[in-house]
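Each chain is listed here by its residues.
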Amino acid sequence: MEKIKPIDMKFCRFLKAKNPFGTLEGGSNDWYVYGDANTIYWCVKSTGAAGPDNGLVDPKRCIPGRKCYRGRD
Amino acid sequence: MDKKKIKFPYGIPGHNLSEVEREIPADEPPAWPVNEKLKYVGKPVKRYDALAKVTGRARFTADVRLPGMLFAKFLRSDTPHAKITRIDIRRAERIPGVYAIHIIKDIDGNYPDVKYAGQAIAAVAASSLEIATEAVKKIRVDYDYKPFVVDVEEAMKPDAPVVFEKEIEAKEDAGDVGVTYEGTKASGNLRGPTTSSFYGGPRGDLDKGFKEADMILEHTYRTQVQTHVPLETHGMVVDWKPDLVTVYASTQNTKNFRDEIADYFEIPRSQVRVISEFTGGGFGAKHSAGIYGPVAAILSKKTKRPVWLMLDRKEEHISAGNRPNSIHYLRIGVKKSGELTAIKQVSHGTAGVGLGAGVGRIVQAMYQCPNFTTAQYDVLTHAGPGAPWRAPGNVQGAFGLEQAVDEIAYKLRKDPLDYRDIIDKSEIRKLERERGAELFDWDKRKAPGSDKGVLKKGMGVAQSTWPRFVHLDSTAEVRLLNGGGIEIRSAVQDIGTGTKTILAQVVAEELGVPIDDVNVLIGDTFFPNGPPSGGSVVTGSITPAVRNAAYKAKMQLLEQVAGKWKSDVSNLRIADGIITDSKDSSKSMTFGDALKGMRTGQIIAVASRSDDYGGFKQEWGLAYGDLGSVQFAEVTVDTETGFVKVDRIVAAHSCGRPINTAQVKSQINGGVIQGMSYALYEYRAMDKETGMMMNTGVDNYKMPFAMEIPDIDIVLIEDYGGRSSTDAYGIGEPANIATAAAIANAVYNAIGVRIYELPLTPDKILKALKKI
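Chains as they are written, first to last, in our numbering: chain A, 77 to 149; chain B, 28 to 799.
Hints listed in this document are in silico derivations from the structure and should not be mistaken for laboratory results.
Careful: at least some of the hints might be erroneous.
[Said to hold, decoys possible] Below are the DSS-like pairs computed for lysine-lysine, each with C-alpha atoms no more than 25 Å apart in a straight line:
no., chain 1, residue 1, chain 2, residue 2
1, B, K132, A, K143
2, B, K64, B, K32
3, B, K591, B, K610
4, B, K441, B, K473
5, B, K729, A, K143
6, B, K184, A, K136
The structure displayed is predicted, hence computed values, not measured ones.
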């Protein structure tokens with residue numbers, strides 16, 4: 077089986093993810109967002125699947141450039 | 028780190044039990060023998076909190092009452108898609124007893140777009156729940172109504188109303204309509220496909236595989252949206268103080284709950300304490316603080332009073348999460364021998380306004396097939412958000428796969444169990460099939476539809492796989508107190524599965540003391556981090572940690588005793604609360620006396636989950652092996668009314684070393700009942716005209732009552748792997764995956780017609796029989 081490699085973290089610090097096996101928790105456990113079709117995403121700030129800007133919460137979109145994006149530093 | 032080599036039991040007692048040598052950390056305890064040689068572990072020990080629960084002494088979150096506490100209630104949208112133009116709270120504010128009203132805003136300070144009926148808009152805190160509820164009714168909201176779509180197939184059409192319509196404005200802007208930074212087009216309600224997963228995703232050559240096939244089976248399987256119905260709804264009590272925010276939460280994840288509250292307010296995580304002494308059930312949707320957490324905290328901060336905010340049952344149905352539906356297409360190539368040559372999987376599902384509606388990994392992982400592709404799409408709709416639910420996606424996936432495998436077996440004129448022996452290489456499931464079939468009397472199964480009369484009996488089988496996962500951020504502390512007392516401390520929560528009990532069993536076993544001497548203090552983030560209650564990870568993650576901590580504490584205590592006796596600590600033994608010296612029978616002391624003689628007031632030992640002995644399959648905690656299960660169903664179908672009665676389930680399971688056999692069986696019972704309810708009853712009924720969920724009460728959201736619950740017989744197989752100091756794994760997910768598929772296969776066996784859609788309600792049965 078192919079080893080899963082750590083993901084280059086550019087996600088917003090407020091992106092949360094829960095896949096069948098665990099939860100993305102504040103930057104730990106990057107692998108929880110690794111392409112799984114059953115991963116549920118939400119934003120800590122908007123507390124839902126729509127972000128603070130009314131856009132979809134999605135790891136492909138919760139990245140630098142988005143108005144509500146916040147880095148990890 | 029110093030290491031030592033020791034031998035562990037390996038394999039299945041009565042089948043292939045042997046030993047395996049593992050190199051383990053030097054400070055971890057010796058191997059336990061198999062369960063039959065242990066005193067507490069592997070036994071049906073009564074629940075640690077049984078008396079508290081049956082007497083009502085147990086205090087759940089909804090029961091928490093604090094001095095000066097206020098009660099909060101949400102105002103929710105009564106339309107599925109709209110722009111809010113005005114909110115008038117003046118009449119609500121004037122009601123005596125109303126302390127605060129919070130209106131939710133977006134990043135620009137505007138009202139957020141309404142995207143589903145039931146979305147929270149505002150919340151009121153008042154001196155009573157009745158006043159808060161009354162005040163919510165007095166808030167006036169003006170909407171600019173917009174078209175909406177709640178049906179998944181309607182939502183896929185090009186001209187369907189769009190759920191997320193935020194325009195992309197700049198190259199790296201992440202809008203939902205336009206051209207993305209990747210150059211792909213974002214539009215409509217379709218997202219995906221996801222074509223890979225943790226387990227490799229596509230493999231082989233699909234075209235070649237189908238060319239090699241002698242037979243191709245092709246069907247689309249449909250499952251419904253199921254909404255979460257834990258006995259205790261979501262919610263919490265927040266007591267905001269400037270130096271510490273205390274949260275009493277109904278949660279599956281105290282740590283994440285704490286982190287979300289702290290992160291929302293951007294305060295240190297150490298400034299938030301989450302307490303979950305008792306949680307009244309959770310099936311995956313209680314990992315987050317949700318919107319209720321921050322809103323309750325805002326109201327508490329604003330009013331300087333504790334705030335109670337629990338959802339009611341209707342809110343639970345419409346907003347607290349659901350198991351997404353699925354439209355699951357499978358095309359399977361098969362040789363005459365039964366060998367699978369190719370599987371093509373395509374799925375569409377809706378998690379409402381969010382993502383995550385896939386069909387899991389079961390199709391790509393359970394059977395040998397060299398050529399495989401998957402494409403799993405999310406379809407956004409104006410409906411309440413999906414949430415993880417007990418083996419997310421895999422229950423939907425199993426319904427399709429296990430019906431397909433059953434159908435292939437019949438077409439090949441093979442017994443469905445014999446056929447699985449050909450395509451399933453799992454040793455544990457093979458044994459589960461054998462032992463389960465014997466208990467079930469599988470040989471009494473008749474040909475499909477051959478029963479005479481109105482009531483037709485049928486038998487079916489289905490199986491599942493679930494990975495063994497370990498959550499490494501799992502820590503336990505064991506304290507031995509001078510003067511008596513043994514305490515376990517960890518933030519891990521007990522959601523009703525019996526975590527407190529298994530921790531007490533493990534520590535009593537390790538210390539050699541009566542189990543009633545062990546106090547379990549968990550569900551508090553002031554204690555060391557525990558694992559989340561999700562993914563069937565708790566038992567496999569926290570029991571090795573607590574055993575290792577107990578072992579360390581014990582060795583410190585025995586060192587002191589050995590010093591007094593001038594003995595070698597390696598000669599000391601503890602059994603039934605008595606410490607003895609194996610080399611000198613004159614030396615004996617009770618464990619309690621040893622505690623009284625400690626040099627200090629307490630001995631504290633802390634241990635975290637170490638890596639699996641022999642390593643992980645993936646370094647972050649994916650263990651080797653799977654948690655297989657095979658479930659058998661016997662049904663009676665009334666061919667005049669269309670009602671299905673599940674008469675009996677035999678559930679054959681393994682979870683490594685079972686720690687508490689009664690609790691494992693209880694978990695399996697729960698999984699089976701929930702699976703049966705999914706198969707026959709539960710579904711979210713949406714009104715396409717209004718976008719509202721129509722069955723939001725316990726009266727019209729059908730779930731089984733006692734007389735509808737089948738006899739459940741359980742085959743529990745001990746399966747030793749020498750992977751940790753307890754060698755235990757979980758059971759929550761596997762208990763639920765195969766049930767609906769087994770029932771569907773039994774219905775086919777009863778009536779001779781296969782039904783490809785859940786739930787198996789009377790109308791579908793009668794349609795299948797061409798009676799309506």
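Status of each hint after checking the structure:
Taking the CA atoms of K132 of chain B and K143 of chain A, the gap is near 15 Å; set against the 25 Å cutoff, the hint holds. Pair hint K64 of chain B plus K32 of chain B holds up; C-alpha atoms about 22 Å apart against a cutoff of 25 Å. Taken as a hint, the K591 of chain B and K610 of chain B pair is honoured in the structure, with Cα atoms around 15 Å apart against an allowance of 25 Å. Annotation: proposed proximity of K441 of chain B to K473 of chain B holds, straight-line Cα distance about 13 Å (limit 25 Å).
Under the criterion of a C-alpha separation no larger than 25 Å, the hint pairing K729 of chain B with K143 of chain A is inconsistent with the structure, at around 44 Å. Pair hint K184 of chain B plus K136 of chain A holds up; C-alpha atoms about 23 Å apart against a cutoff of 25 Å.
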